[in-house]
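Fit chain Z to the supplied structure of chain F, relying on the hints for placement.
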Amino acid sequence: MSVRVSEAGLIELYGRCGVEDAEALQRHLLAAPGATVEWSGCERLHASVLQVLLVGEPRVQGQPTAEFLRKHVAPIIGRSTKQPGQHATDARDHRYAPRTNR
Amino acid sequence: MDELLTQFLIESRELVDKAGEDLLALEKAHDAKRFEDAFRAFHTLKGGAGIVEFGAMQEALHCAEDALAAARAESRPVSALEIGNCLACLDQVAEWLATIEQSGAIPQNADAGDIVALFARGAATPSTAGAAPSAAADAWVDTLLGAHSDTASEAQTAVRYTPAADCFFRHEDPLALIAGLPGLLAVDVEPRSPWPTLADLDPFSCNLTITALLATSSVEVAAALGGESGRAEIEAVAGRALPLDAESLASAAAEILEAQLRLLDSADTAFQQGRVASVGLVAANVLRYVGRSLESDNVATAAAMAIAEGRVAPLVQAIAAALNAAPPEGVAETGRRKEAAQTIRVAAERIDALVRLTGELIVAKNSLGHSVKLAEAEDSDLAVALKNQHAALERLVTELQRAVVGMRVLPLRVAFRRFPRLIRELSAELDKSATLAISGEDTEADKTIVEAIVEPLVHLLRNALDHGVEDGATRAAAGKPAMATIRLRAAREGEHVVIEVADDGAGIDVAAVRRAASERSLKPREAIAAMSDEEALDLIFMPGFSTAKTVTHLSGRGVGMDAVRTAVARLGGAVAIRTTVGQGTAVRVTLPFSVLVTQVMTVEAGGQLFGIPLDAVVETLRVEKERIFPVGAAHAIVLRDRTIPLVRLADVLGNRAKDRADDSGPIVIAQLDGQLGAVQVESIGERMEIILKPLDGLLSGMPGLAGSALLGDGGVLLVLDLAEVVQ
Chain F
6 MSVRVSEAGL IELYGRCGVE DAEALQRHLL AAPGATVEWS GCERLHASVL QVLLVGEPRV
66 QGQPTAEFLR KHVAPIIGRS TKQPGQHATD ARDHRYAPRT NR
Chain Z
288 MDELLTQFLI ESRELVDKAG EDLLALEKAH DAKRFEDAFR AFHTLKGGAG IVEFGAMQEA
348 LHCAEDALAA ARAESRPVSA LEIGNCLACL DQVAEWLATI EQSGAIPQNA DAGDIVALFA
408 RGAATPSTAG AAPSAAADAW VDTLLGAHSD TASEAQTAVR YTPAADCFFR HEDPLALIAG
468 LPGLLAVDVE PRSPWPTLAD LDPFSCNLTI TALLATSSVE VAAALGGESG RAEIEAVAGR
528 ALPLDAESLA SAAAEILEAQ LRLLDSADTA FQQGRVASVG LVAANVLRYV GRSLESDNVA
588 TAAAMAIAEG RVAPLVQAIA AALNAAPPEG VAETGRRKEA AQTIRVAAER IDALVRLTGE
648 LIVAKNSLGH SVKLAEAEDS DLAVALKNQH AALERLVTEL QRAVVGMRVL PLRVAFRRFP
708 RLIRELSAEL DKSATLAISG EDTEADKTIV EAIVEPLVHL LRNALDHGVE DGATRAAAGK
768 PAMATIRLRA AREGEHVVIE VADDGAGIDV AAVRRAASER SLKPREAIAA MSDEEALDLI
828 FMPGFSTAKT VTHLSGRGVG MDAVRTAVAR LGGAVAIRTT VGQGTAVRVT LPFSVLVTQV
888 MTVEAGGQLF GIPLDAVVET LRVEKERIFP VGAAHAIVLR DRTIPLVRLA DVLGNRAKDR
948 ADDSGPIVIA QLDGQLGAVQ VESIGERMEI ILKPLDGLLS GMPGLAGSAL LGDGGVLLVL
1008 DLAEVVQ
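One line per chain: the protein sequences are F and Z, in this order. Here this note's numbering is used: the first residue of the first sequence is 6, the next is one more, and so on. Here this note's numbering is used: the first residue of the second sequence is 288, the next is one more, and so on.
If we strip away everything but chain F, and leave its shape as in the complex, we get (with noise of 0.2 Å):
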């Protein structure tokens, strides 16, 4: 299991993330809506796992140092999360101002 929800209720998804994070992340995020997902120590990403952020749409913070998540996903994760009224407000200032919360 590479996903948690940490003592401030953000969903951190670290690691690598597989098959069966998408079912946990899809759980956690119907738990509570609005959340905000930070994947800055996540390694790998299951197709799985994109599919459930691109349909809970979360507001999803930092900067993975994987190349392929950061250069090619992130841009993906930030297009399909710029929708109105959801959680994410812009795309771009969650993906380029990573956070430090922990």
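Simulated from the structure, these hints should not be mistaken for laboratory data. All clues stand as given, with none of them false.
Using 16 Å as the maximum straight-line C-alpha spacing, the simulated EDC-like pairs for lysine to aspartate or glutamate come out as follows:
1. 652/Z x 976/Z
2. 76/F x 475/Z
3. 76/F x 437/Z
4. 810/Z x 825/Z
5. 652/Z x 681/Z
6. 980/Z x 1008/Z
Relative to chain F, chain Z alone:
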């Protein structure tokens, strides 16, 4: 680059384009003709690869051909997967062709492994051809390129991958697969069917379509996708320029041009030739690159003028004009335009039309010459003016003629290129080792000649190896090297092109030729016995002659040297043979350089004017009546100890004018198929260049006539076929 490779590149590019078009059309709807066209294109491509000995390309195309052949054998439409694979194969070929163009050589490290693997996979898994994609099937490519314009210029390949819905159960990660693709530039994801709400989302069902841009070839991409390539659309995007691309190209070009202008500005004080030259070059190249070749040429000309005049103004004006002019429409096609600027391919019939028109123009010019002569008789100022203008016209027409002839000229290498292979294959088949030594392949000749000479030469080469070259044991006994040498030589001799095929074999046994000719009753026995060795040797050119003891699949089937002579004669050429027993045989083919104009000599016989092709004429002479003596029913003369049969042209043509029936007319000695013949005429006129037209209509059946030509005064000149006349 090697002429053969250049030709190969041009042809292969066309075939790749053609095959691609056909495949794409097939993808939309099955069409038997399109299928056959595509099949043929692949086949021809493969053949071409074989000629230039490009093994990897041959191998790759062979796979594609196999796949298409399989579809044909099962009489089913080609599946989308097969089409994709074939297209990937074409992409790889196109890439190789580009490498050849850049390096001028066949890539040594080319490897068809990926393509072979691609087809192997396609063959192993049953085709998953879905519904034919819509007409705008690759609109996604444009969308993708548009969304990632920053990397689009590097992109070679676009992929749209739709993983199976249940792939998550199989522990597959489509995203990881994409992440692992080489040269990844950009990735996009979209839902295959509209997203449900988060609560309704089945996290174990994949609803993704992933598109990606890559800086690697479609073949590499397909290979990296492995078994999943069947679920992916792979499109080559190299060369697919975006409007944005073109705009930025144009603006970059404009910037460079402006910079060149500034350079010139600073050079104005002291004229610097080097700077002007380099500015001119840069500006011309920039314009050519963006597809404005006309302006590019203008700038180049202006630069030359500027240097000649020692001032920058002409170049400044030309560059400024190019800068101010709106770029032409469709700048997006710069790549293609760039190529087009270097060579244009013109349909052969257009060139032929030009040749025909030039011929007409020459006739018109000649008739003007006739008018000038008439005017001169009047001795007026007008005549002088006419004469000058006629001279100018003559010069121009001659230049035009040379240019037109030059357009149709090809080096003989084009014809010779397939012969080394031919000899290699033949020597394996006949179990004789031989090499082909080619020289003079740069010699140029008219396209018609170069194309038509291939078949006669194939005959001659086969003969040389089959009949000329001895078997290994005989060669060893004669102390000759085991490896026979067949020489193929070409050279330009005046208005002629001479091609010689010589072997170092046993030579021809003239006695055997006489025997064979007698046995086959080609000529009366006595006539054959009376022939000189040279004349007897010429018998091998007669129809029905063959001395081959065994009929091989190569030669000895009765289509031998007579076919060669007929084919060469049709081109207006001649064949001669010489042989030395024990040392070899050489066959010499003499061909006209150009088929546009024929030089003739006019002669009069029976009160009528005829033309005799000048290449047959050896000499003209007068002899006393007494030196013409009867031989049976015919006549002959003795010239330099040789007896030459003589005919009177008027007799042959059956219109001898009684009043001029003296025997003292000049005699034309002509070389006819290796023998001399004498033709007595009443007078000899001028030499002229004519456009020989084959006879048609009522005259077409007339024996002894080669064709007709229009004369300057509007009359018709009948041109004789002396070989038929003398017979």
